[in-house]
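Q: The lines below spell out each chain.
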Amino acid sequence: MTSLIAGGVDCDVHPAVPHLTSLLPYLNDYWRDQVTTRGMVDLISQSYPKNSPITAREDWRPDAGKPGSSLEDMQRHVLDPFAVGHAICNPLYGVQMVFSEDMQAAFCRALNDWLAKEWLDRDTRLRGSIVIPTQSIEKAVAEIERCAQDRRFVQVLMLVMGDTPLGKRALWPIYAAAERLDLAIGVHAGSAYHNPPTSVGWGSYHIEDYVGQAQAFQTQLTSLIVEGVFARHPRLKMVMLESGISWLPPYLWRLHKFWRGVRMETPWVDRAPLEIVRSNIRFSLQPFDAPPEPETLIRLFDHMQSDELVLFSTDYPHWQFDGQDALPEGLSPDLVRKIMIDNPHATYPRLT
Amino acid sequence: MNIQFRESSEAASPLTAKAAIADCDIHPARATRTELYPYLAKRWQHHLEIYGVHAYQGMMEGPPYPKAQPNASRRDAYPPEGGPQGSSLSFMQKQHLDPNNVQLGVLNPLNTGQGIRNHELSAALCSAINDWQIDKWTSKDKRLRASIVVGNEDGLSAAAEIRERAGDKNFVQVLLLSRNVEPLGQRRYWPIYQAAEEAGLPVGVHAFGFGGNPITPSGWPSYYIEEMVGHSQCQQSALASLVLEGVFERFPKLKMVMIEAGFGWAPSLAWRLDKVWQRLRSEVPHVKRPPSEYIREQVWWTTQPMEDPERREDLFDVIKWIGWDRLLFATDYPHWDYDEPSRVLPPGVSETNREAFYRDNARKLYGIN
Numbered sequence: 001m002t003s004l005i006a007g008g009v010d011c012d013v014h015p016a017v018p019h020l021t022s023l024l025p026y027l028n029d030y031w032r033d034q035v036t037t038r039g040m041v042d043l044i045s046q047s048y049p050k051n052s053p054i055t056a057r058e059d060w061r062p063d064a065g066k067p068g069s070s071l072e073d074m075q076r077h078v079l080d081p082f083a084v085g086h087a088i089c090n091p092l093y094g095v096q097m098v099f100s101e102d103m104q105a106a107f108c109r110a111l112n113d114w115l116a117k118e119w120l121d122r123d124t125r126l127r128g129s130i131v132i133p134t135q136s137i138e139k140a141v142a143e144i145e146r147c148a149q150d151r152r153f154v155q156v157l158m159l160v161m162g163d164t165p166l167g168k169r170a171l172w173p174i175y176a177a178a179e180r181l182d183l184a185i186g187v188h189a190g191s192a193y194h195n196p197p198t199s200v201g202w203g204s205y206h207i208e209d210y211v212g213q214a215q216a217f218q219t220q221l222t223s224l225i226v227e228g229v230f231a232r233h234p235r236l237k238m239v240m241l242e243s244g245i246s247w248l249p250p251y252l253w254r255l256h257k258f259w260r261g262v263r264m265e266t267p268w269v270d271r272a273p274l275e276i277v278r279s280n281i282r283f284s285l286q287p288f289d290a291p292p293e294p295e296t297l298i299r300l301f302d303h304m305q306s307d308e309l310v311l312f313s314t315d316y317p318h319w320q321f322d323g324q325d326a327l328p329e330g331l332s333p334d335l336v337r338k339i340m341i342d343n344p345h346a347t348y349p350r351l352t
Numbered sequence: 001m002n003i004q005f006r007e008s009s010e011a012a013s014p015l016t017a018k019a020a021i022a023d024c025d026i027h028p029a030r031a032t033r034t035e036l037y038p039y040l041a042k043r044w045q046h047h048l049e050i051y052g053v054h055a056y057q058g059m060m061e062g063p064p065y066p067k068a069q070p071n072a073s074r075r076d077a078y079p080p081e082g083g084p085q086g087s088s089l090s091f092m093q094k095q096h097l098d099p100n101n102v103q104l105g106v107l108n109p110l111n112t113g114q115g116i117r118n119h120e121l122s123a124a125l126c127s128a129i130n131d132w133q134i135d136k137w138t139s140k141d142k143r144l145r146a147s148i149v150v151g152n153e154d155g156l157s158a159a160a161e162i163r164e165r166a167g168d169k170n171f172v173q174v175l176l177l178s179r180n181v182e183p184l185g186q187r188r189y190w191p192i193y194q195a196a197e198e199a200g201l202p203v204g205v206h207a208f209g210f211g212g213n214p215i216t217p218s219g220w221p222s223y224y225i226e227e228m229v230g231h232s233q234c235q236q237s238a239l240a241s242l243v244l245e246g247v248f249e250r251f252p253k254l255k256m257v258m259i260e261a262g263f264g265w266a267p268s269l270a271w272r273l274d275k276v277w278q279r280l281r282s283e284v285p286h287v288k289r290p291p292s293e294y295i296r297e298q299v300w301w302t303t304q305p306m307e308d309p310e311r312r313e314d315l316f317d318v319i320k321w322i323g324w325d326r327l328l329f330a331t332d333y334p335h336w337d338y339d340e341p342s343r344v345l346p347p348g349v350s351e352t353n354r355e356a357f358y359r360d361n362a363r364k365l366y367g368i369n
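Line by line, the protein sequences are chains A and B.
full-length UniProt numbering applies: residue 1 is where the first sequence begins, and numbers increase by one.
full-length UniProt numbering applies: residue 1 is where the second sequence begins, and numbers increase by one.
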């Protein structure tokens, strides 16, 4: 296996909210009352059914409760054995699925406060992502500004499948706030299920939804690039989390070809898409969709023509690899250093 | 493409002069709005005049994302006698089939009866298009072969149309589009695969179509380029659905051709499917083998629009991972993003691979000598 190095940054770990009732202490009287009076149930997304094999590695699965719901487990499974300097917490609690902007805002606020108090306060290696109520841009920006006062929040978190494509202009105040406050925008696998989870409709199976995450990321990259987000916000970094990476080079070859053909449609895109990706877009390492042979892997990294795109991640507690084999075979020590340390620090200015 | 997009001419891997090629994606068009009427019952002619086609999209005429050029076609492809690009056989012969020495040209008509909400009208229009392909094209030029267009949302009537045409040498495949009401692996489409397998015809899945679903899983994007690039994501999801619903397992002799949606995505998709299947196969016990095996055995890809890496030789890695025996050359004539036959492959391809790529894979798949 490729050797890990100590002091790396794990850019994608998932602390789990044990239950909606765990957020009650972080809700105001009105919302606490709403949750209890209306008998609201736990917000578990179909993207990650609790007992699905992909949702947790067998040896990372607790005897009781949700995988990822215990800090001690996370320390024992990841933070200590991988000797990480920092781990960035991306909560995947299903708050994006609700339709009311008021309810979503209340739940996001509670989730962010819960993360700070129950995780960040208890292990200094941990950093957080701000979950935002995208049903309301105004409330999303307010939540970013509120949480950003805590420097341990290093990123804003959005789902890859939401209500609108991520490049849409209506969302830009979110990007302006993130750029201004030195926060990256993390785009994580998962759907609010407000649209069919594939661009050809609803599939039958969980496995189909999961495979489809990669295609969803592709459509979002197109949207972000051609709408001109990075022409307006050149300092903004966006991180595709749990996206897969091996699709990237051929995807860019296609996008580049069409951009050259029809760029008159989007004249504000003044740089080639692949240059925009190299300067503004990053990808978490896991899952790495490639065969195990190092020679294929080396070709794939060569196709990327950059050693700055990939950020180390374990995707804890999701099952992407076994044992300590988070790094695919065949990576050079220099590339490992870039992936584990240099690239994350260049992406997240608040990581110190 | 007929838009220059490299700064200067560069070395290509040209065919020896006039080597015969197969073009597996040619789009024949109607010269006039009513050209299909002789093939339609009076009832449907009236219906079209009064109600139009009532598609799974809002525009009465034209596409919701305006194309980059009229009819998405080459500006130099208007026939001298009038009519839209691709509507004249004699001009297609003069501009494309003769100079490029096209030995086999597979016709894939678009704007047919597919993607229409009235399924009876859909079936009638598809049947009309199939008759029209014979009359106007394949009976007049033996190099051309037609695709059986079927009413995609009604599997039973589609299967009936396939059975009616089975054995007719004018037709070499069944044609579907990638975007439908549901992903293509769903059961409503299985009668199509069953009939195609029985008839020994490959099923081509061409990019485009309308099924009412936003072209991203986050809703409708803004631009034509997003729709164009997005066809590749639609195709990936359609293929994943075919594999994961067990279509290839159930119809082991079925062959499918992914048309005009690129092929560079295929290795990554197959690796991802395999990896996830190892973990989640208990959900889909009907998928008995690693997904990549079904794909390797039962799927082909047309080449246009070829992905265009900065370092063109990177393409060879991808082709090697897919298999040189699985690509079918296509130009997409008369569309604007036409791939020029002499320029699509960089230098350094063996004679055998070049011939397979340009001609022999298609001959073998479509059973044309």
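No lab work stands behind these hints, which were simulated from the structure alone.
Careful: at least some of the hints might be erroneous.
[What the hints assert, rightly or not] Computed footprint of chain B on chain A, listed as stretches where at least three residues anywhere in the stretch have a Cβ under 8 Å from a Cβ of chain B: (1) 49-55; (2) 204-214; (3) 221-235; (4) 243-251.
We put the CB at the ideal spot given by N, CA and C, even for glycine.
Q: Count the residues of the region 49-55 of chain A whose Cβ falls closer than 8 Å to any Cβ of chain B, and tell me whether that reaches three.
A: holds (count 3)
Q: Do three or more residues from the region 204-214 of chain A put their C-beta atoms closer than 8 Å to C-beta atoms of chain B?
A: holds (count 9)
Q: When I compare C-beta atoms, does the region 221-235 of chain A have three or more residues closer than 8 Å to chain B?
A: holds (count 4)
Q: How about the region 243-251 of chain A: do at least three of its residues have a C-beta closer than 8 Å to a C-beta of chain B?
A: Per the Cβ count (6), the hint holds.
Checked against the numbered hints listed earlier, the structure breaks none of them; every hint is satisfied.
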